[in-house]
Amino acid sequence: MSRNHAFDQRNLDWYIDKAVQALVFIGGISAVIFIIGIFLFITKEGIGFLINTLDLQEFFGSPYWEPSDEDAPEYGILALLAGTASVTGLAMLIAIPFSLGTAIYIAEFATGKTREWLKILVELLAAIPSVVWGFIGLTIMNPLIIELFDVPVGLTVLNAGIILGLMAAPIMTSIAEDALKAVPDRYREAAEALGATRWQVVFKTVLPAAKNGLLGAVLLGVGRGFGETMAVLMATGHAVNIPGSVFDSVRALTATIAAELGETAVGSDHYQVLFTIGIFLFLITFLINLTADLIVRGIRNS
Amino acid sequence: MVSDTNPVKLEIQNLTIRYGGQAAISGVNLSIREHEIFGIIGPANAGKTSFLKAINRMDMFDSNMRVEGNILFNGQDVRKLRNIYALRSRIGVVFPLPVGLPMSVYDNVALSARLRGIKERAELDLIVERCLTRAALWDEVKDRLDTLGSLLSGGQQQRLTIARALSQEPELLMLDEFSIAVDPVTTMRIEDVLKELKSEMTIILVTNLVQQARRLADRTAFFLDGGCVEVAQTEALFTQQTRDPRTRDYVEGRFG
Amino acid sequence: MDNHMFAATELNQKNQRTEKLVRLLFILMAGLLILPVLIILFTLVYKGSSILSIDFLFTNPTNGMTEGGIFPALLGTIWLVVVALIVSVPLGIAAAIYLSEYAPDNWGTRLINLAIINLAGVPSIVHALFGLGAFVVFFNFGTSILAASLTLAIMTLPVVIVATRESLQAVPHAFREACWNMGATRWQTIRRVVLPNAVSGILTGVILEVSRSAGETAPIMFTGAVFFSPFLPQGVMDQTMAMSLHLFVVSTQVPNVPENLPYGVALVLIGMVLIMNSISIAFRMHLRGKKKW
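Protein chains in written order, with the working numbering: chain A, 4 to 305; chain B, 17 to 272; chain C, 6 to 298.
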């Protein structure tokens with residue numbers, strides 16, 4: 004009966020629970036604060052230039068990038084955009100078939116130990132830092148390309164594309180594998196019961212069912228390639244140039260920021276235009292990630 | 017037999033429970049008195065489990081579950097409580113699927129006491145031994161109190177769950193088909209304990225074994241298709257003094 | 006009748022041939038993806054191992070970074086990673102607990118999830134711009150370990166959140182309900198039932214984050230890491246050298262570096278990262294073998 008008096012009183016544990024809830028909520032909301040903070044701070048540094056000085060037509064339309072020219076600086080990112088696009092495009096050309104193929108092999112064909120080891124290997128490959136990839140492009144791929152194709156320069160779209168492809172592939176593989184794993188086994192069993200062979204099951208049943216997840220994996224790979232910095236900085240040859248072939252050197256948007264930010268004075272036009280590129284990169288990757296997420300979420304809900 | 021003058025422990029007024037659009041319980045009125053064993057019988061899907069879930073506010077864990085009507089525990093509406101945890105700590109529940117928590121058997125049974133702030137080892141030892149003994153599990157586990165509760169056999173986990181519910185020293189104990197994973201001899205031992213416990217607490221016994229209700233319950237309610245068909249003194253139900261023919265049919269095993 | 010059966014067998018054989026061919030094709034693709042990387046790694050080991058020694062790890066670079074060891078870079082990376090962990094581990098675990106244990110299923114939670122995905126997806130150089138604009142300039146930390154580590158912490162926050170959330174959600178829901186039914190508050194349930202069974206999974210995530218932060222270059226190169234520093238860092242407001250940036254510097258910025266020096270740096274860096282990841286994987290497999298329910 005004595006307990007009855009205290010019945011329905013909020014006690015210390017109740018308040019502790021509420022306090023913890025508030026505390027972990029701060030952790031949760033911090034991610035939102037950080038992403039907004041990132042956008043606000045890069046905008047703050049780049050917006051003045053974007054509004055006052057920058058001619059958007061020149062920015063996106065001109066291939067001339069000479070921001071440090073004292074008399075007549077030029078701020079065209081067309082060539083940089085072409086550099087990023089060509090390297091990312093080539094990388095995807097390499098990474099998409101191979102990573103989807105590997106994912107299908109791991110998820111649908113490999114068994115037991117083989118599967119375990121492949122997964123571990125893929126995970127370890129995904130962990131190699133981008134600066135190491137850049138170094139590989141610089142020191143191993145570069146002479147290899149020069150020798151194999153008999154070209155004067157090996158730091159080219161081809162080099163960076165291959166490097167970026169190898170870099171993006173493990174991540175795409177594991178996301179694609181997740182997508183394949185998400186297809187319920189009863190689909191496979193149903194198809195097998197009808198007498199379909201393994202590959203028929205995969206092509207006619209599993210792939211169509213997983214196509215959204217696979218598309219999401221590809222998109223995330225594109226986002227990753229688009230935003231990669233160190234590897235493309237070191238492997239592209241860093242020449243402002245709209246490439247005519249895969250043997251041309253180029254320069255990427257991300258690499259431009261990495262290479263030039265250190266030389267600029269805080270607040271200068273050059274400094275600000277690099278932040279403007281940052282805003283552009285942020286928005287594009289945000290869109291890519293959002294789309295990928297919506298697509299992947301779409302399959303989970305249906 | 018429980019006197020009608022015992023104070024009301026739990027008053028159910030016009031209780032309706034819905035999952036999505038589907039009603040699991042509709043318009044049930046009941047009152048359960050202190051120190052009685054209140055049996056609930058009825059076929060599967062009669063709404064018995066949903067009824068228990070509403071009492072200790074498990075609807076909060078299930079966004080699909082909607083509860084309407086009043087549930088008065090000690091005269092207070094459980095849906096207007098400020099501290100839901102205090103309510104739950106006063107109600108022990110045992111569901112048909114046993115859950116041994118992934119901690120030692122000892123910690124499983126000591127958990128509730130620790131949540132209440134009891135730290136002293138001797139006191140905890142006492143609680144653990146008493147509750148495990150009452151749940152007819154002590155002899156089997158006394159030499160291995162450090163094994164994980166989640167790794168015990170199904171029947172042992174069921175008794176562990178009962179021991180844990182008892183360790184709450186609840187005012188109300190709700191058992192939902194507790195004997196489903198327990199052998200008949202052990203079931204009998206636990207039934208004997210329940211009879212003793214009546215002096216300390218109120219017990220709601222949901223069972224699919226009509227004879228179990230007959231052995232234990234002071235009064236019994238018959239649930240069918242989400243409604244409470246009738247409530248009567250248990251002996252009356254089993255001696256053909258039922259008001260509703262469906263109850264008699266069920267008790268006599270003609271359906272269900 | 007005979008004809009019919011024969012046709013069926015032929016079809017069957019054809020199917021089996023295709024089956025074998027498809028399987029071979031996929032093995033080939035997996036092999037072609039992984040083999041070059043293995044060759045590259047062996048090349049790194051082959052060319053870099055000649056310079057590796059205890060001295061290489063524990064002496065300063067000398068003679069314009071063309072000789073000597075990598076000690077300041079190694080130490081700097083440890084500084085950067087540790088300070089980043091101090092910030093991101095508690096924050097990440099808190100976020101994961103919120104998302105897994107408290108968060109309602111509403112648009113606010115979806116917003117948080119979207120933010121996490123984007124924190125992981127925003128290019129590292131954009132994180133660098135943010136670190137420069139926010140920590141170096143706005144908060145006036147200057148180029149310092151603090152500014153660089155904060156940038157790293159924010160960038161790698163999703164790693165901790167995702168790993169922690171996964172290990173929290175691996176604890177069956179029935180345990181929580183059983184605990185709630187006894188009158189435990191959410192927090193009591195988390196502390197006594199959920200966390201003890203998730204802690205090893207969380208640790209796996211933390212190790213992954215260490216590996217991730219140690220390898221990042223772009224986010225630290227304008228916020229706290231420098232090409233060369235004659236001094237070892239004494240506190241969080243100092244600048245420092247770092248392994249990842251050091252690899253970039255000795256392979257692109259310094260003339261007349263002997264060939265095996267950058268290979269050695271790359272080897273140490275990749276060794277650090279792969280060992281961390283292997284520990285994390287081994288730990289995870291060990292856990293999977295140990296059934297607790």
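What the hints contain is simulated information worked out from the structure, not anything from laboratory work. Virtual Cβ for every residue (Gly too), placed ideally from N, Cα, C. Take these hints with a grain of salt, some might be off.
What the hints assert, rightly or not - Non-contacting residues of chain A with respect to chain C, defined by C-beta distances greater than 12 Å in every case (computed):
#	residue
1	Asp58
2	Ser71
3	Val249
Stated by the list, open to error - Some chain A residues close to chain B (C-beta under 7 Å, calculated; not the full set):
#	residue
4	Asp11
5	Arg13
6	Trp120
Over 12 Å to the closest beta carbon of chain C is the bar; see if A:Ser71 clears it. holds (17 Å)
Grab the minimum C-beta distance from A:Trp120 to chain B and call the hint holds if it beats 7 Å, violated otherwise. For A:Trp120, the interface hint is violated, since the closest Cβ of chain B sits about 30 Å away, which is over 7 Å.
Once the closest CB in chain C is found, is it more than 12 Å from A:Asp58? holds (22 Å)
Just double-check A:Val249 for me: nearest Cβ-Cβ distance to chain C has to come out over 12 Å. Given that every Cβ of chain C is farther than 12 Å from that of A:Val249, nearest at about 17 Å, it holds.
Chain B contact restraint for A:Asp11 - C-beta distance below 7 Å: holds (5 Å)
Agreement of hint A:Arg13 with chain B interface, Cβ distance less than 7 Å: Since the shortest Cβ distance to chain B is 5 Å, the answer is holds.
Going through the hint list in order, the structure does not satisfy hint 6, though it satisfies all others.
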